[in-house]
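Asks: Note that the protein sequences, when read in sequence, are chains U and E.
Sequential numbering from 1 applies to the first sequence in full-length UniProt numbering.
Sequential numbering from 1 applies to the second sequence in full-length UniProt numbering.
Certain hints may be false.
Which copy? The list can't say, so a pair holds if one copy fits it or any two copies do.
What the hints assert, rightly or not - With a straight-line cut-off of 30 Å between C-alpha atoms, the simulated DSS-like cross-links for lysine-lysine are:
| no. | residue 1 | residue 2 |
| --- | --- | --- |
| 1 | 209 | 248 |
| 2 | 274 | 155 |
| 3 | 22 | 12 |
| 4 | 248 | 22 |
| 5 | 115 | 202 |
| 6 | 248 | 289 |
| 7 | 115 | 209 |
| 8 | 22 | 267 |
| 9 | 22 | 8 |
| 10 | 122 | 22 |
| 11 | 231 | 274 |
If you are wondering where the hints come from, they were derived from the structure by calculation, not from laboratory data.
2 protein chains.
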Amino acid sequence: MYETYWAKMEDKGSIMIPGGQKLSYFSSADDLCWFMEPELSDAIRRLHSVVGNAVAEDKFIVVGTGSTQLLFAALYALTCTNSHLLDQPVPVVSAAPFYSCYPGIADLVRSGLYKWGGDAGKFDREEPFIEIVNSPCNPDGSIRGPVVPQNDSRKGKLIHDFAYFWPQYTPIGAPADHDIMLFTLSKCTGHAGSRIGWALVKDRSLAEKMVGFINIATIGVSKDAQLRAAKLMGALADQCGRENDFFKYGQRLLTDRWRRLREVVDKSEVFTVKDYESDYCSFFKDIFKPNPAFAWLSCDHISDTASFLQG
Amino acid sequence: MYETYWAKMEDKGSIMIPGGQKLSYFSSADDLCWFMEPELSDAIRRLHSVVGNAVAEDKFIVVGTGSTQLLFAALYALTCTNSHLLDQPVPVVSAAPFYSCYPGIADLVRSGLYKWGGDAGKFDREEPFIEIVNSPCNPDGSIRGPVVPQNDSRKGKLIHDFAYFWPQYTPIGAPADHDIMLFTLSKCTGHAGSRIGWALVKDRSLAEKMVGFINIATIGVSKDAQLRAAKLMGALADQCGRENDFFKYGQRLLTDRWRRLREVVDKSEVFTVKDYESDYCSFFKDIFKPNPAFAWLSCDHISDTASFLQG
Numbered sequence: 001m002y003e004t005y006w007a008k009m010e011d012k013g014s015i016m017i018p019g020g021q022k023l024s025y026f027s028s029a030d031d032l033c034w035f036m037e038p039e040l041s042d043a044i045r046r047l048h049s050v051v052g053n054a055v056a057e058d059k060f061i062v063v064g065t066g067s068t069q070l071l072f073a074a075l076y077a078l079t080c081t082n083s084h085l086l087d088q089p090v091p092v093v094s095a096a097p098f099y100s101c102y103p104g105i106a107d108l109v110r111s112g113l114y115k116w117g118g119d120a121g122k123f124d125r126e127e128p129f130i131e132i133v134n135s136p137c138n139p140d141g142s143i144r145g146p147v148v149p150q151n152d153s154r155k156g157k158l159i160h161d162f163a164y165f166w167p168q169y170t171p172i173g174a175p176a177d178h179d180i181m182l183f184t185l186s187k188c189t190g191h192a193g194s195r196i197g198w199a200l201v202k203d204r205s206l207a208e209k210m211v212g213f214i215n216i217a218t219i220g221v222s223k224d225a226q227l228r229a230a231k232l233m234g235a236l237a238d239q240c241g242r243e244n245d246f247f248k249y250g251q252r253l254l255t256d257r258w259r260r261l262r263e264v265v266d267k268s269e270v271f272t273v274k275d276y277e278s279d280y281c282s283f284f285k286d287i288f289k290p291n292p293a294f295a296w297l298s299c300d301h302i303s304d305t306a307s308f309l310q311g
Numbered sequence: 001m002y003e004t005y006w007a008k009m010e011d012k013g014s015i016m017i018p019g020g021q022k023l024s025y026f027s028s029a030d031d032l033c034w035f036m037e038p039e040l041s042d043a044i045r046r047l048h049s050v051v052g053n054a055v056a057e058d059k060f061i062v063v064g065t066g067s068t069q070l071l072f073a074a075l076y077a078l079t080c081t082n083s084h085l086l087d088q089p090v091p092v093v094s095a096a097p098f099y100s101c102y103p104g105i106a107d108l109v110r111s112g113l114y115k116w117g118g119d120a121g122k123f124d125r126e127e128p129f130i131e132i133v134n135s136p137c138n139p140d141g142s143i144r145g146p147v148v149p150q151n152d153s154r155k156g157k158l159i160h161d162f163a164y165f166w167p168q169y170t171p172i173g174a175p176a177d178h179d180i181m182l183f184t185l186s187k188c189t190g191h192a193g194s195r196i197g198w199a200l201v202k203d204r205s206l207a208e209k210m211v212g213f214i215n216i217a218t219i220g221v222s223k224d225a226q227l228r229a230a231k232l233m234g235a236l237a238d239q240c241g242r243e244n245d246f247f248k249y250g251q252r253l254l255t256d257r258w259r260r261l262r263e264v265v266d267k268s269e270v271f272t273v274k275d276y277e278s279d280y281c282s283f284f285k286d287i288f289k290p291n292p293a294f295a296w297l298s299c300d301h302i303s304d305t306a307s308f309l310q311g
């Protein structure tokens, strides 16, 4: 979806890496996340500050091979010192409809630390749990908060999956500020192929455990991909509020696709799409409706469907 | 160690990636490993053919975020359909002294599929197992084969970790040809920071399961890193037998470091280093002694140690 934008931006999003650079495993001896390139860490803090979608200043940043790896890292960090109830694996839940990959992630190697626990809306066991809060939600685009009620014996830890929490997808009134917030380059700049994600983490010890996980799982994260992500995110921050504002571009593109989708669906008498409430966005200083991601996912078929229905 | 070489090679090892390219998760719809860039797959097959260290032509290639991720993928692929003895986790063993990361990898999330089983030389349980054969061995540089004797009830699967199986480290008489062989860019070209590894896999179904693992763990492998790896490995293949032969350069460098290390150790009366047998190398068409990696790992301290001992 964003290829046209980046092609137009030419060298503002391009990188050159000489053969003799970035050979080492190490990026920054001073950073808790020793395999994170300082340019990337700077670009992440700057972009969150300019966009206003998350409080990054007081957080530890952990870079991952996509936000998927950071979800694994967070599950590990939250459970690796678990000693509850004879060391039973901790249930991982998320409100239905949930992102289709969560069950497979939680159960991939039948971990003794955690396991998939299903729909958070139905979770009523009196035991510790982890709830993944995905907002805006993939697949239905809704804005989400935690849903499992907590008490003395049912205590939960939250992971906020904020892949789509950017202003082209949804109006953002104020920066989010939670214990573990996951973001991914793929839904931010569109570069899914680079496999770069990042976590903003409040607690130092938890961030250290996440870094420890990634050290064992993949001994860090590709420097080449990190340098590219830093360049791309820096370009986004540079263009905010200017002629080539990426978020404005993305919002226009998605608004147009939603308009076309609704036109087709309104004629069909078969399909319907959910209506979303307008809300104020502090980045655009305007009120608008969300443009959730699932319209993006189905947009390639819109013209075919329209031809079929009109033909 | 190889930075000087690559700096001298200038643009032969450099890449430029425009902002509008390689945004997608997908690389090649035709390849079993759908997230592998065709350039990388070509470069891997070509380099193995030119160097003669492994038979790649008839294998499936799976790219990973370093060979570490491929070890996880192989453990998963070999055990995910395991149904032996009430689904007990399969022991993972390796002959001592083994690479220090193996136990942590096998036990990272307390998998129900596999678990660390210790020294392969002491494994005598009558049950299925997985043996990691690391050759040349990190840390002691020895050439290794499998050590666990197999019988009807003790059947094992082998994973060959060939990180250092390149002619600058050890004489290679003939190309290796095993079921699962793991390689890593970090010990081949020196670019550890890119996090690129690859597996050569005989069995299609096993390769598919490894791809399935990487799909869930990190949704593929950075395209940026893959493009860089393809360029670097292509440059190595181009230079073989020519003035800037990388393997000749590496062998000279390591031979010199071993000579200096042995000089220091011979004077010390405290330290000793193992002596290695000379062997024929089909790549260099010459007989020489191995230059194992642990000398490389300790080489930064040689001059300090020499000054201390001589001072």
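Asks: Decide, hint by hint, whether the structure agrees.
Replies: The hints, checked one at a time:
{"no.": "1", "hint": "209 to 248", "verdict": "neither (37 Å within a copy, 41 Å between copies)"}
{"no.": "2", "hint": "274 to 155", "verdict": "neither (33 Å within a copy, 56 Å between copies)"}
{"no.": "3", "hint": "22 to 12", "verdict": "both (21 Å within a copy, 16 Å between copies)"}
{"no.": "4", "hint": "248 to 22", "verdict": "between (34 Å within a copy, 23 Å between copies)"}
{"no.": "5", "hint": "115 to 202", "verdict": "within (24 Å within a copy, 32 Å between copies)"}
{"no.": "6", "hint": "248 to 289", "verdict": "within (14 Å within a copy, 63 Å between copies)"}
{"no.": "7", "hint": "115 to 209", "verdict": "both (19 Å within a copy, 20 Å between copies)"}
{"no.": "8", "hint": "22 to 267", "verdict": "neither (55 Å within a copy, 37 Å between copies)"}
{"no.": "9", "hint": "22 to 8", "verdict": "both (28 Å within a copy, 15 Å between copies)"}
{"no.": "10", "hint": "122 to 22", "verdict": "neither (48 Å within a copy, 41 Å between copies)"}
{"no.": "11", "hint": "231 to 274", "verdict": "neither (37 Å within a copy, 48 Å between copies)"}
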